[in-house]
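Which chain is which? The protein sequence lines are W and L, in order. Reading the first sequence from the start, the letters are residues 1 to 309 in my numbering. Reading the second sequence from the start, the letters are residues 1 to 510 in my numbering.
By construction, these hints were calculated from the structure, which means they are not laboratory data. Please read all numbers here as calculations on a predicted model, not as lab measurements. Hints should not be assumed to be uniformly reliable.
As the list claims (entries may be wrong) - Label-pair distances were calculated between CB atoms; the ranges are: (1) W:V152 / L:Q55: 42 to 48 angstroms; (2) W:L77 / L:M367: 53 to 59 angstroms; (3) L:Q170 / W:H159: 35 to 41 angstroms; (4) L:R257 / W:V266: 33 to 39 angstroms; (5) L:K213 / W:R239: 57 to 63 angstroms; (6) W:L77 / L:R180: 53 to 59 angstroms; (7) L:E112 / W:Y145: 33 to 39 angstroms; (8) L:D360 / W:E216: 54 to 60 angstroms.
Unchecked claim - Residues from chain W that keep clear of chain L, each with C-beta distances beyond 12 angstroms, as calculated: (9) D2; (10) I9; (11) N60; (12) I78; (13) T91; (14) F138; (15) R162; (16) E172; (17) P212; (18) I267; (19) A274; (20) P304.
Unchecked claim - Here are the simulated DSSO-like pairs of lysine-lysine, each with C-alpha atoms no more than 27 angstroms apart in a straight line: (21) W:K160 / L:K107; (22) W:K160 / L:K74; (23) L:K74 / L:K195; (24) L:K309 / L:K329; (25) L:K389 / L:K213; (26) L:K262 / L:K309.
Built from N, CA and C at the ideal position, the CB exists for glycine as well.
Here are the chains, one letter per residue:
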Amino acid sequence: MDLTLAIAILVTVVGASTPILIAALGELVVERSGVLNLGVEGMMLIGAIAGFVVQFHTGNPYLALLAGAAAGVMASLIFGFLTLSLSANQTATGLALTIFGTGFSALAGSSYSARPVTLMQPLFPVELATHPIGKVLFGYAFPIYFSFIMVVAIWYFLHKTRAGLILRAVGENDQSAHSIGYSVTGVRYLAVMFGGAMAGIAGACFPLLLTPQWAERMTAGRGWIAVALVVFASWKPFRLLAGAYLFGLVMTMELYAKAGGGPLSVIPSEVWAAMPYLATIAVLVLISIRRDASTNAPACLGKPFLPAN
Amino acid sequence: MPYRLELTGITKRFPGVLANDNVSFAVKPGEIHALLGENGAGKSTLVKMIYGIMQPDAGEIRWDGQVVNIANPKDARRLGVGMVFQHFSLFEALTVFENIALGMDAKIPPRELEARIRAVMTKYGLLLDPHRTVATLSVGERQRIEIVRALLLDPKLLIMDEPTSVLTPQEVEALFVVLRLLAQQGCSILYISHKLHEIKALCDTATILRAGKLVDTCDPREETSRSMAEKMIGAGLRDIVRSEGRTMGLPKLVVSRLSTHKTGHFDVPVNDVSFSVRAGEIFGIAGVAGNGQNALLDALSGEIVSDDKDAVTLDGNPLGLLGTTKRRKRGLCAVPEERNGHAAVGDFTLSDNSVLTARDRLGMVIMGLLNSGAAKTYTGRVIADFAVKALGPASTAGSLSGGNLQKFIMGREILQKPSVLVVSQPTWGVDAGAAAAIHQALVDLAAAGSAIVVISQDLDELLALSDTLAVINMGQLSASRAVGDVSVEEIGLLMGGVHQSVEASDAVPA
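Here chain L stands alone, though its shape is the one from the complex:
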């Protein structure tokens, strides 16, 4: 039987970068094939060429044994290539049905299309109401729309670009069931992910890319996560180093009965959240996106000011009534989830972005005048210490790639040595090497006596990093648990909103 897809000597060059250098690999019918690599390794470029968004400069693509030229996504869909993008291309104000109809090339009468949508949903257990507005759906449900859209075209190859980054462990399991069923029926799957244990659980073959070159094609079931990670980064993986004999100090950040008001239509406020973080402790907050993480971060950073001065205290000093600038002055710094436009101003230079959050703590403003020398020196230090790939302090934030901007923002806050640091998604979109560096920096900051709150959807990250863990669901925070005493299953259930299975003794009788 010929390969479903065979790439030979694919090369793609961008100005100054060789994105893909002579890459060859093949996917059999019904195979689940992983494409692994760090950010910038060339996975996305490769996939874009298979889906017809870009054309290779050299090399050939064979489909079922025939050489093909995929000029655009329409050509790709005609061959039977379906793709589920990492960033969904959905229209929030339109319904599920309308979104799917927009993605169909053929003109199908609405009634027939709806019948086909329902048939696919039933067959694969991807249940959704076709007439709901997308804005009201969770991220997992939105992903189902993309999958249904791809499946309606009866694909022979389905490309999934980091599909699990936003799902709960249970949703991931459900997705895997669908993917295995598809593979059984002969559909090949090209699966892009950073999460190595998922690839071990799901994939038959893994192709590993590094800096645009093919490093290895291996059977992930015979590899360890560590061995694959080392192939990806081309060096030994650094573990988080924790200093010996670490002791927690007194409670530093104390949050008591913190609530926010509902502001927008799709906003999830936090309700009666209490926790405390000691000096030297890393406190992890897990949860599926859209469960109040944004409101919690804003309420801690001071973007949302509380009605109660004691809702947030630092070393016993009330911060509840203060805004961000005053909280920063007193030592509480924060990194919001959205990098561009919230944590950094895209059109400003890195230096100016440093001034925005570090001006008071590091004396970058004297009598109302900017001390641009100090800002430049500090920014240079952030760039050097966090290995930010940027031309210098004068580059604009918007010119950096997502992962590099994240490194800059994390570095900018960490080097201010705040006594409390609140971060959301510290390693979102950052590759394994850089993620390890950010993790190490957070651990070192804690070891120096700071209290750290990490809000993340990546459970592996939280389990590796935190001392204590709690789960946020529908704006409410579960009881805190020491990381050693809690299983992934329990956390997964809490993320899905099942509270009673954990800590039955804490439950209040109704």
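Just chain W, with the same shape it has in the complex:
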């Protein structure tokens, strides 16, 4: 395998991994606050159509990302209102949000089918990306750098700031946090909105980075992979980075196998396509087997908060 092919594969892996990573980072923060939002896939689709529409009409990809984030926040607020203000079941509400997002995005996107947009351009000048090493380092669009910055920023926020400590405390023991005087519901609303913004940005990455047109269900289950990844990463940002790239790599293998090149095509591309989902199931099974060995799960994950007095 020559260097150019290796670099081409690497660049594809980065592209495939980024939306998963961004969405999973958002969900990680949400879950650390004790809320399980299974609506990531739905929020991504809503972010994808919002991003697509803005890119189509303005051609400004940064505006498109912002629109994706804003749409994701709006979708997450539906979830937040039902689960945090009305104490609805989080699992059921999250599933409903995904179904809603799928339908809503399909409806909103129906008049845009088969109409192309321009892809987001690399952040740095092309001259920097001419050399192969330069291409690996400087050849990407903004969201890729954003995802890396967010890994560090979220780690720093959770472990080095007071606000992050409060967020973890709320996810760990909501009653105690309440009795000390922190607003459990307020903290969780902010976390859920952050998760919505990240899922929306992740969704907008699909038309901006991967396929420059609107396609129904274009996120293709990546939101579910993001949810599984958070568990796989034991709620730790750097493990999430590793996990996202592992899944990105497997997904890229599928593309190359489909293209019929080299040793990968020994295994049918359908098997490769199924691989990320099989890996997700395997990971979840493995983790539930060794549940006792401190899986690091936030103790209040998925439980509605009702103040005792």
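Model the placement of chain L on the given structure of chain W, informed by the hints.
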């Protein structure tokens, strides 16, 4: 000098209850003041108003002579009120340092906060590693976090809500040293407890509440435990009545070389535990929480099934391989420590909760169909005999207060007349009158020929109740001793894990 805290005519009303009725008392600077009363006497409500969690409907609170309005706990902390709750508000997955930082209102740089934490710990001898995770700490150590957290705010009044219920006698002594030192430096302490001998040993003044009203303010050093208890319950205290000429029968429950496997990260298994309990005997197991009591109870009740059929035998019949239902059928009933969710299902009615444990022994299921009439009659009997405050058999278990649910659960098992009863914390959170009733019921059950195992952290209870006593420490059970031959000091040392001081002749040479 003005009083540090002065309450005048404090009244608080809840729907249907007058929790505090015109209560007045005052605390001097540097005074250790006891607040005494049974469950539901209104102590917690009163303290919650001082700490700003609730507001009084009438009356005034003066602080250093000034009338104050304490709107929330933040206001209280600003005045200089610190509180150590009975149920710790700690975050298990976080470190000691993080837990303390969360409780601070002011934003202090981490390095400075750590220095201040270490300074307070050294000053009061409350040693702990600030970077340990709370989940790895004992209950006594967890309490130290709460105390350090309160002391960091330089409180002028420290409220302690039943602080010793989970400590060993030695830990209690160490706590008292800290509290006396604090009082010497001018900090007032409001000390809530059921344990009257502790109040005699520690407090300068005692205010006694009964049914929301102030009964008396007295000097506990001039009272006897009995006289204070009688003021609390407003009647003469009933002693445990033991029938004359009681004789123990043959060994009924025999446990030999019982061990369990470690299941969870923080679980303490039992290791090679052997003892036997005769018919008519009450066998007490003392020990600090988290030393394998839960595993022992589960292994006896059948929640954990043994590998060895002879590890647990009843009248010579092996029970080791049987689960809870089969053990119950053969006459071994058990009451676990956790009332809500383990001993009872909160969302079920009391009647349904009776069916859960009594169905086989009392024929509440016929051909797979529930005999709800029988369940209702039996539940009604439990409610009447054990003075459970509930609307009736159709009330849900979750609607009962902790003490009342405990009475119901104890009654449900005792009235089944099991030949062996294993109970954990039989009077946890139950007031003096009800505790005496539960104790009497256990003694009567033993007198009728049952063998009883009582696992408790309350030494006074075990000394009053048991015929024989052993101590569990790190999953191992000490040799059994007749209650008359053993001193509180010896038991305290065993609870702390010092084995050699007792029964040196039993020690195996290394």
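Quick rundown of the hints versus the structure:
no.: 1; hint: W:V152 / L:Q55: 42 to 48 angstroms; in the structure: 46 angstroms, holds
no.: 2; hint: W:L77 / L:M367: 53 to 59 angstroms; in the structure: 54 angstroms, holds
no.: 3; hint: L:Q170 / W:H159: 35 to 41 angstroms; in the structure: 37 angstroms, holds
no.: 4; hint: L:R257 / W:V266: 33 to 39 angstroms; in the structure: 58 angstroms, violated
no.: 5; hint: L:K213 / W:R239: 57 to 63 angstroms; in the structure: 59 angstroms, holds
no.: 6; hint: W:L77 / L:R180: 53 to 59 angstroms; in the structure: 55 angstroms, holds
no.: 7; hint: L:E112 / W:Y145: 33 to 39 angstroms; in the structure: 36 angstroms, holds
no.: 8; hint: L:D360 / W:E216: 54 to 60 angstroms; in the structure: 58 angstroms, holds
no.: 9; hint: D2; in the structure: 49 angstroms, holds
no.: 10; hint: I9; in the structure: 40 angstroms, holds
no.: 11; hint: N60; in the structure: 40 angstroms, holds
no.: 12; hint: I78; in the structure: 29 angstroms, holds
no.: 13; hint: T91; in the structure: 19 angstroms, holds
no.: 14; hint: F138; in the structure: 37 angstroms, holds
no.: 15; hint: R162; in the structure: 7 angstroms, violated
no.: 16; hint: E172; in the structure: 4 angstroms, violated
no.: 17; hint: P212; in the structure: 44 angstroms, holds
no.: 18; hint: I267; in the structure: 40 angstroms, holds
no.: 19; hint: A274; in the structure: 35 angstroms, holds
no.: 20; hint: P304; in the structure: 15 angstroms, holds
no.: 21; hint: W:K160 / L:K107; in the structure: 14 angstroms, holds
no.: 22; hint: W:K160 / L:K74; in the structure: 25 angstroms, holds
no.: 23; hint: L:K74 / L:K195; in the structure: 30 angstroms, violated
no.: 24; hint: L:K309 / L:K329; in the structure: 17 angstroms, holds
no.: 25; hint: L:K389 / L:K213; in the structure: 20 angstroms, holds
no.: 26; hint: L:K262 / L:K309; in the structure: 20 angstroms, holds
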